[in-house]
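Work out the full structure, taking the sequences as your base and the hints as a guide.
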Amino acid sequence: MPATPVTDAQWPTEVLESDLPVLIDFWAEWCGPCRMVSPIVDQLADEHGAKLRVLKLNVDENPATARDYGIMSIPTLLVMKGGQEAKRIVGAKGKAQLEADLDAFLA
Amino acid sequence: MTDAHDVIILGSGPAGLTAAVYAARANLKPLVVEGVVEGGPTGGQLTLTTDVENFPGFPEGIMGPELILNMRQQAERFGTTFLTEDVTATALDARPFRLSTASGQDLHARALIVATGAKPRRLDVPGEDALWGSGVSACATCDGFFFRDKHVVVVGGGDSAMEEATFLTKFASRVTIVHRREEFRASAIMVERAQRNDRIAFELNAAVVEVLGADGTVTGLLLEDTVTGERRELACDGMFLAIGHIPNTSLFDGALDTDGEGYLVVDEPSTRTNIEGVFACGDVMDHTYRQAITAAGTGCRAAIDAERWLADQDD
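So the sequence lines, in the order shown, correspond to chains D and F. The first sequence begins at 1 in the numbering used here and counts up by one. The second sequence begins at 1 in the numbering used here and counts up by one.
One or more of the hints may lead you astray.
[Claimed, not checked] Which residues of chain D face chain F? A few of them, derived with a C-beta cut under 8 angstroms, are: (1) Ala-45; (2) Ser-73; (3) Ala-96.
Keep in mind the hints are simulated off the structure, nothing from the lab. For every residue, glycine included, the Cβ atom is placed at its ideal position computed from N, Cα and C.
The following block contains the structure:
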């Protein structure tokens, strides 16, 4: 199951009120490195979906959330836990490095 | 010992992928270690561009990431395999060559093609690292979007600085080019285009000595006049670096010869390095042209050189 798209409007219910920690991939069509990271995020959704909700937010179509969270570079991966930002990963990384960075949420 | 690959290619830009197409078609079953973050993004610098209009064969131009994806598929079609990882260490003192990856894999190669490219040079000033991705960027096409109606600075005086500044005026209300000297390395046409743009201003004879921030975002730069030594603050919301590139050679720990600027030295017109069985292509060995098409050209040469060298080995 690939990462599920999420919009500005869905943010409160899908992210802030989620019981599970949520990983959100901030991306855009024109961002080359995002195209490299997105398939890895899909794999994370596949393999860790029981521990972590995995969503993706298109910043072109949903600028408000990106602005609210001060996203100034993509790809950015955000982990939200209990409605609060718990982790921020800026820039493209490989699967092994991402899993290491997200270790606390995957265990 | 795990079986040695005939050819391992380090890098997944136009040089590495062209080498892969040729090596695969020569039945060498190349393994491309794509790299992820250490040397820049997978697919290389082209993935950070938009329209590529000077790569022959695409009369209407093509998007950089799409061009790279096409090359990758072409390499895959002839039997190239890919490992999406960074190599973290190399041992080139004995054959087969040994490589270790970030996830701890050990790889062995009879021949090695180095196509690790180059990555953007940083200023190495206080504040730069802490604000990287929070207003400091080396990729206008990736991050310009987040500076709508803001004031951004582009640091540099070459073609890429002029190009980034012009591109950023699509979003930013004001762009200031900060450059250490009064003269530009950029071509006259690019400088004129920037000068004619009324959203672009220039700060010349100015060096950035610190990136200033508050609450995790950039608020300005501390500039030093390179003539008088005077310091002053320039308020801005972001800083884009366009001050050249550094070839990615740290992996080889001095085992491969480099020139004064850090580029790998090859035995022109071949792509042989000082270590027999190791070949280099693309931006890591080219400080002169640095184009997608020249990188592809040297990638082709490296694959042919590697193929001929392997054929001459007895084992």
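* Checked against the structure, which of the hints given earlier come out wrong? -> 1
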